[in-house]
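Just so you know, the protein sequences line up as chains A and B, in that order.
Position 57 of the first sequence, counted from 1, bears residue number 57 in my numbering, the numbering being contiguous throughout.
Position 144 of the second sequence, counted from 1, bears residue number 1144 in my numbering, the numbering being contiguous throughout.
Simulated from the structure, these hints should not be mistaken for laboratory data.
On a predicted model such as this, the values are computed, not experimentally measured, just so you know.
Cβ coordinates follow ideal geometry from the N, Cα and C atoms, glycine included.
Heads up, a few of these hints could be off.
Estimated spans, in silico, between C-beta atoms of each pair [unchecked claim]:
1. B:Thr1299 / A:Ser11: 54 to 62 Å
2. A:Lys257 / B:Pro1252: 49 to 57 Å
3. B:Pro1255 / A:Ala212: 42 to 50 Å
4. B:Thr1271 / A:Pro276: 29 to 37 Å
5. B:Pro1255 / A:Pro196: 30 to 38 Å
6. B:Gln1281 / A:Met1: 45 to 53 Å
7. A:Ser167 / B:Leu1310: 30 to 38 Å
8. B:Ala1216 / A:Ser167: 37 to 45 Å
9. A:Pro252 / B:Leu1002: 48 to 56 Å
10. B:Gly1320 / A:Ala212: 52 to 60 Å
2 protein chains.
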Amino acid sequence: MLRIPYPDLESAFLKAILHLGVPPDRAPLCARLYAETDLDGVRTHGLARFPRFSAMIRNGNIVPTATPTLTSGFGAIERWNGHLGPGNLNAHAAMARAIELARANGIGAVALANTNHWMRGGSYGWQAATQGLFGICWTNTLANTPAWGTAKPTIGNNPIILAIPRSEAPVVLDMATTQFSMGSLSSYVQRKAQLPVPGGYDAQGNLTTDPAAIEASQRTLPIGFWKGSGLSLTLDMFAAMLSGGNSTHQLPLDPLKESGLSQFFLAIDPTNFADPAQLSQIAESILTDLHAAPPIDGTRPPRYPGEETLRLREENLAQGVPVDETLWQKLNNLTI
Amino acid sequence: MLRIPYPDLESAFLKAILHLGVPPDRAPLCARLYAETDLDGVRTHGLARFPRFSAMIRNGNIVPTATPTLTSGFGAIERWNGHLGPGNLNAHAAMARAIELARANGIGAVALANTNHWMRGGSYGWQAATQGLFGICWTNTLANTPAWGTAKPTIGNNPIILAIPRSEAPVVLDMATTQFSMGSLSSYVQRKAQLPVPGGYDAQGNLTTDPAAIEASQRTLPIGFWKGSGLSLTLDMFAAMLSGGNSTHQLPLDPLKESGLSQFFLAIDPTNFADPAQLSQIAESILTDLHAAPPIDGTRPPRYPGEETLRLREENLAQGVPVDETLWQKLNNLTI
Chain A
1 MLRIPYPDLE
11 SAFLKAILHL
21 GVPPDRAPLC
31 ARLYAETDLD
41 GVRTHGLARF
51 PRFSAMIRNG
61 NIVPTATPTL
71 TSGFGAIERW
81 NGHLGPGNLN
91 AHAAMARAIE
101 LARANGIGAV
111 ALANTNHWMR
121 GGSYGWQAAT
131 QGLFGICWTN
141 TLANTPAWGT
151 AKPTIGNNPI
161 ILAIPRSEAP
171 VVLDMATTQF
181 SMGSLSSYVQ
191 RKAQLPVPGG
201 YDAQGNLTTD
211 PAAIEASQRT
221 LPIGFWKGSG
231 LSLTLDMFAA
241 MLSGGNSTHQ
251 LPLDPLKESG
261 LSQFFLAIDP
271 TNFADPAQLS
281 QIAESILTDL
291 HAAPPIDGTR
301 PPRYPGEETL
311 RLREENLAQG
321 VPVDETLWQK
331 LNNLTI
Chain B
1001 MLRIPYPDLE
1011 SAFLKAILHL
1021 GVPPDRAPLC
1031 ARLYAETDLD
1041 GVRTHGLARF
1051 PRFSAMIRNG
1061 NIVPTATPTL
1071 TSGFGAIERW
1081 NGHLGPGNLN
1091 AHAAMARAIE
1101 LARANGIGAV
1111 ALANTNHWMR
1121 GGSYGWQAAT
1131 QGLFGICWTN
1141 TLANTPAWGT
1151 AKPTIGNNPI
1161 ILAIPRSEAP
1171 VVLDMATTQF
1181 SMGSLSSYVQ
1191 RKAQLPVPGG
1201 YDAQGNLTTD
1211 PAAIEASQRT
1221 LPIGFWKGSG
1231 LSLTLDMFAA
1241 MLSGGNSTHQ
1251 LPLDPLKESG
1261 LSQFFLAIDP
1271 TNFADPAQLS
1281 QIAESILTDL
1291 HAAPPIDGTR
1301 PPRYPGEETL
1311 RLREENLAQG
1321 VPVDETLWQK
1331 LNNLTI
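Chain A extracted, bound-state conformation (with noise of 0.2 Å):
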């Protein structure tokens, strides 16, 4: 593992993705995205990511030149066409003009067909909340967990997002409704590491901890059960049904092929009906009272979503951002 200073790596990822066809105006974006992201130490979806993003545009599942259009609308809410763009450009569009609705409405919403991965989800929840509005975004997946009562993959682990606007810094969950994401159970293979709780079944039907059993079986566990699962074909319908785009079933299984998805934005800006003191009050109060339960274990107190981002990000800035050596060469080699 090596550790790149910010700015390089920001950069790097620059020149890869206008080698990649994403115009000038649209790739700083793009490439601040997958930087914050290995930034504030979402490893799973930056860089390790990126051959996925590099190869899908050579096969020509994402378009690397196609901006969101609006298809309709109503009021505060918005259904956009993503054109198969790349997915993470979309989804900051589709959350901006969500904010935009917000700040003309109180709350807005936009709903985006044919789209691709929008890699971290809570890079959304953040942009939300860093502009002073609550913020929730979700997305379909392909079909990678079996609904409650089957072992056949048939519900996506659709990311979800809640974020939080907060002086200090926002809260921001980021799940998926799986116990562990896709990218998360692969890393855990990678590091031949048992999982610290059970993340699905293996071949014979029994729940494990042991990652591999679980990428073998196909039967990832939906958080909470037959809760998770209900949740994940929820999730599923409104983003499919309100922007008019796929739904998960319809998603191809490969996921070099998993483009077209749908996702779902919304903004609420509390600056026009809620007095900002006292938000501020009520929030820190929570926290407050969350930080003051005693730990089971004293090393690991409990903590809010999100609030190791911050240190992470600081500690990443001071020391450089943690690259996987061979991904790093290719990134700037071009050959990623």
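With chain A fixed as given, assemble chain B onto it according to the hints.
Chain B only, in chain A's frame:
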């Protein structure tokens, strides 16, 4: 267990609710919401909860005559104050207002402060979906669940509802963010049954399927371990901050004093930006795919959230609604 004709159940609720001081113009809706909960088979939150409702009117924590008022608003989102009125009436009014806002703006939301337990959260999902709208709502609760990393109950199990309109029958997810709601846990205890999956920790800190051990330790398990813990915390922050009301840690730990909750209601009216035939086609294709998945147990095919509701409703309309005999007598004697 008795089976009572539905109209008799609703009228018995109505008499008891009038006796408790809910005004005649509002009591019928309150009674219908209670009776429909048992009718739809959600027995943990209908008649079984009524003794607590009446006790909380008697101890002053529910104000039977209170009606919600507008606190502030901007565009498509509003803050309301429930003035500690009956929780199901406040929640119904909040979702009704969110629906009005959504009809005018495509999307609408109400954040409700100072309210009471809404009983069956799914009621307000059905309310939106049967009128053709998508609905999302959630509530905070008293601290009944340890946040991840502590053994002390610090977060609520904050039920969340996602409802999708559909011509045949809506899809309605209604779930607590713990593996088992408190009502469900106590129902297992009463039946002296073990939980089908671990629902929390025993006093020694081991995961257990023994509901009594979990009630004793107060260590209920969030869905997905740390994930449900983060979800519950963020839902509380949204509800309390947007409504300007109480957060979980401010609510008394005595269930008979669990008053002054914060809730959030969102509705989306697709009429003016989506083609109804397309929406229906997408919904049916998702559910057809779900139902086509081979079941692990042939007698228990994969189901969508709420799928059993209409069947139970028809069965209970035809055969009478199952009620506990003792509670039924008390309801009729106005001694409940």
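Evaluated hints:
no. : hint                             : verdict
1   : B:Thr1299 / A:Ser11: 54 to 62 Å  : holds (60 Å)
2   : A:Lys257 / B:Pro1252: 49 to 57 Å : holds (54 Å)
3   : B:Pro1255 / A:Ala212: 42 to 50 Å : holds (45 Å)
4   : B:Thr1271 / A:Pro276: 29 to 37 Å : holds (35 Å)
5   : B:Pro1255 / A:Pro196: 30 to 38 Å : holds (33 Å)
6   : B:Gln1281 / A:Met1: 45 to 53 Å   : holds (49 Å)
7   : A:Ser167 / B:Leu1310: 30 to 38 Å : violated (48 Å)
8   : B:Ala1216 / A:Ser167: 37 to 45 Å : holds (41 Å)
9   : A:Pro252 / B:Leu1002: 48 to 56 Å : holds (54 Å)
10  : B:Gly1320 / A:Ala212: 52 to 60 Å : holds (53 Å)
Figure legend: structure checked against the earlier numbered hints; the only hint not met is number 7.
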